[in-house]
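Trainee: Just so you know, the sequences run in chain order U and Z. Under this note's numbering, the first residue of the first sequence carries the number 1, and numbering increases by one thereafter. Under this note's numbering, the first residue of the second sequence carries the number 1, and numbering increases by one thereafter.
By construction, these hints were calculated from the structure, which means they are not laboratory data. Treat the hints loosely; a few may be bogus.
What the hints assert, rightly or not - Taking CB as the label site, the calculated pair distances span:
#1 Glu12/Z / Lys196/U: 36 to 42 Å
#2 Pro300/U / Asp241/Z: 46 to 52 Å
#3 Arg176/U / Pro64/Z: 53 to 59 Å
#4 Glu12/Z / Tyr3/U: 38 to 44 Å
#5 Leu230/Z / Lys325/U: 45 to 51 Å
#6 Ser187/U / Lys106/Z: 53 to 59 Å
#7 Asn4/U / Glu226/Z: 41 to 47 Å
Here the structure is a predicted model, which is why all the values come from computation and not from measurement. For every residue, glycine included, the Cβ atom is placed at its ideal position computed from N, Cα and C.
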Amino acid sequence: MDYNGVWTLGEARDGEIKEVSFELLSRGRKLADKLDEELVSLVIGDGITDQQAEELIKSGADKVLLMNAPALKDFIVENYSNVIEDLIEEYKPEIILAAATTMGRTVMPYIAIKTDAGLTADCTELDIEEDTGNLLQTRPAIGGNILATIKTPNHRPQMATVRPHSTKAAEKDESRTGEIVHLKFDSSLLDGRVKKLGFRKNEEDAVNIQDADVVAAGGKGLKKGENFALIRELAGYFEGAVGASRDAVDRDWISYPYQVGLSGKTVTPKLYFAVGISGAIQHLAGMKTSENIIAINEDPDADIFKVSDFGIVGDLFEIVPELNKQLAEEVK
Amino acid sequence: MNIVIPIKQVPETSNVKMDEETGTMKRDGVESIINPLDLYAIETGIQLKEEYGGKITVITMGPPSADKALKEAIAMGCDDGILLSGREFAGSDTWATSYALAEAIKEIEDVDLILAGERATDGDTGQVGPGIASWLDLTLSTYTSKVVDVNLIDEEVDYTTVKQDSIIVERMVEDGYEKLELPLPALLTVVKEISFPRLPTLRGKQRSRKVEIPQWNLENLDMNKEFLGLQGSPTRVVNIDHPKVTRGGTILDVREDGNVEEAVSQLIDYLKAKELV
Ligand SMILES: Cc1cc2nc3c(=O)[nH]c(=O)nc-3n(C[C@H](O)[C@H](O)[C@H](O)COP(=O)(O)OP(=O)(O)OC[C@H]3O[C@@H](n4cnc5c(N)ncnc54)[C@H](O)[C@@H]3O)c2cc1C
Ligand SMILES: Cc1cc2nc3c(=O)[nH]c(=O)nc-3n(C[C@H](O)[C@H](O)[C@H](O)COP(=O)(O)OP(=O)(O)OC[C@H]3O[C@@H](n4cnc5c(N)ncnc54)[C@H](O)[C@@H]3O)c2cc1C
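Isolated chain U (complex conformation):
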């Protein structure tokens, strides 16, 4: 098979390259080095400058394929898919990685069908198999209860989406050099069927819980919606985001975008606080790969303590105010 090179699909919004694009490069760099192949970052958008593309090179890319066009300003899956398919046909990359974001998880399966490629979802580990050079893709499934390793032996490219925050972006190396290729947009690839009519930013706090380094989450133990103020204050000391269990969301104490778990968001922050959350398996599915987990619950047998690095058994209405007080002193 004459497929060659590791590609990462960068994400851009409003002319800015998103952080996940840099995380993907540290994954891609490792694979490209093992295969002794080139690492390419493909960025599609509008108004992305060469200076921004240089940042991708400093973060590990050997080459940046940059396609700017007003028609590509917004992510419309049909358009992006046409463009990427066309590039796959021309360049024949061996591996394509995208972030497991709403964009990656939409465009990658659409492309995989059109290009007869295998696609592994939401990977947390990637490696190269010694003798075959195949991509080994490891992902949690069944509510995080198992880790499955998946291979795509006979199809190219090998495609995977990668869980955001499952790795860190590499330190920028100012001395790295690479090539920026400006791709010309072929307007015949524009699908044109779907129109974007608008965008409404999340209300409440502007922090996106999947991007946050710290998430403070509250559950049914908070007893009522107003008590989320305690959680907001706690999150505030870390400039973090607020999260919630499903029971809190179902009671309308907070809206659905903040729900963590199997039927909500998967988060992997550096620090996760679970306050008044029992740790049902469906909640754990969305947060148990967080780096540090702190639990506050009055029930010593609550399952949340099993996944905790530090836990306090007791009344949250005594503990959280004290925690907020001591944090306020630390921050000061």
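Got chain U; can you put chain Z with the ligands on it based on the hints?
Mentor: Showing chain Z with the ligands alone in chain U's frame:
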């Protein structure tokens, strides 16, 4: 408005056993239910039918016993069920699953809208919905959180314009909601926020008992055999690991001694040691 809803039957608990050899799930002894996230697609479909008329067909690919899931959907208010079942489908990954479902949906007449769940709670890839859209070359909105409006052109009245029905939706992205207009036929994958699933009704249950569920497979559908099942699947599960759940962290109990201040100060020390404050 003719709606098709692909639904998946999944094991009831999250504690299913895996066959370590093949990397497939052992389903014996575990009760199966409709993928919980598919209930939101079913509810959305029923609401659209109530408003715009038409018919809902639910379809599932799975073992013969998966007809139970179809019957349950019919009891909620869907009209017909199709069971895609046969040995040839065994071991399908998302590529092969979406191929088989797409081929079956092609046989259903005048489909305006396909509604799928965001993801299944077992395989958990979320790839089958977009995959079906891609096979059928339909427009796609994933993570759909709201149907804002449906524009159905009345052909009798409007003979001046080209017929173009459309649906306006909101989809949930990381930092907000995008509003899209998609011409029909389209495929939407939906998130929990879109609706609140109703329970089956008594009348629905009675009807579901009587409904005949046809079984489709290679014998009565024209499909490319090479695209089906394990042989049609580009991906292979080669290993299954069971990660340890317990972290064995420090747990302080303040219920007896009431020394909240001390416990919190130890927590702060922990956070400092980890350079988190
Ligand atoms: C298909 C499916 C999908 C699901 N998806 C999700 C999901 O995405 N996210 C999710 O979170 N759940 C999900 N669930 C629901 C899940 O099973 C639990 O019901 C839910 O997580 C419980 O929320 P909770 O921990 O807030 O409430 P509870 O389980 O009621 O826990 C409340 C906790 O608060 C503690 N508490 C009470 N008062 C105090 C106090 N004063 N001080 C300290 N502690 C106190 C209690 O000891 C208890 O442990 C799903 C379920 C299903 C079936
Ligand atoms: C541990 C494990 C890991 C796996 N990882 C991958 C992987 O990374 N890539 C891959 O290609 N395959 C993978 N598979 C195979 C995959 O689970 C199956 O193809 C499965 O049949 C469909 O995928 P899903 O459960 O992820 O469904 P999802 O794509 O998550 O389901 C989304 C929606 O599609 C519809 N749908 C899904 N399946 C059916 C069905 N059978 N009938 C009707 N409607 C349906 C439903 O509306 C559902 O809500 C994996 C399997 C296992 C056991």
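Trainee: Would you mind marking each hint as holding or not holding in the structure?
Mentor: Hints versus structure:
1. At roughly 39 Å, the beta carbons of Glu12/Z and Lys196/U sit within the given window of 36 to 42 Å.
2. Judged by the Cβ atoms, the range 46 to 52 Å given for Pro300/U and Asp241/Z is violated: they are separated by roughly 30 Å.
3. About 58 Å separates the C-beta atoms of Arg176/U and Pro64/Z, a value consistent with the hinted range of 53 to 59 Å.
4. Hint check: Glu12/Z to Tyr3/U, Cβ distance near 42 Å, so the stated range 38 to 44 Å holds.
5. Taking the beta carbon of each, Leu230/Z and Lys325/U are about 59 Å apart, not inside 45 to 51 Å as hinted.
6. For Ser187/U and Lys106/Z, the hinted distance range of 53 to 59 Å is not satisfied, since their beta carbons lie about 30 Å from each other.
7. Asn4/U and Glu226/Z have their C-beta atoms about 27 Å apart, which leaves the hinted 41 to 47 Å range violated.
Hints 2, 5, 6, 7 from the list above are not met by this structure, while the remaining hints are.
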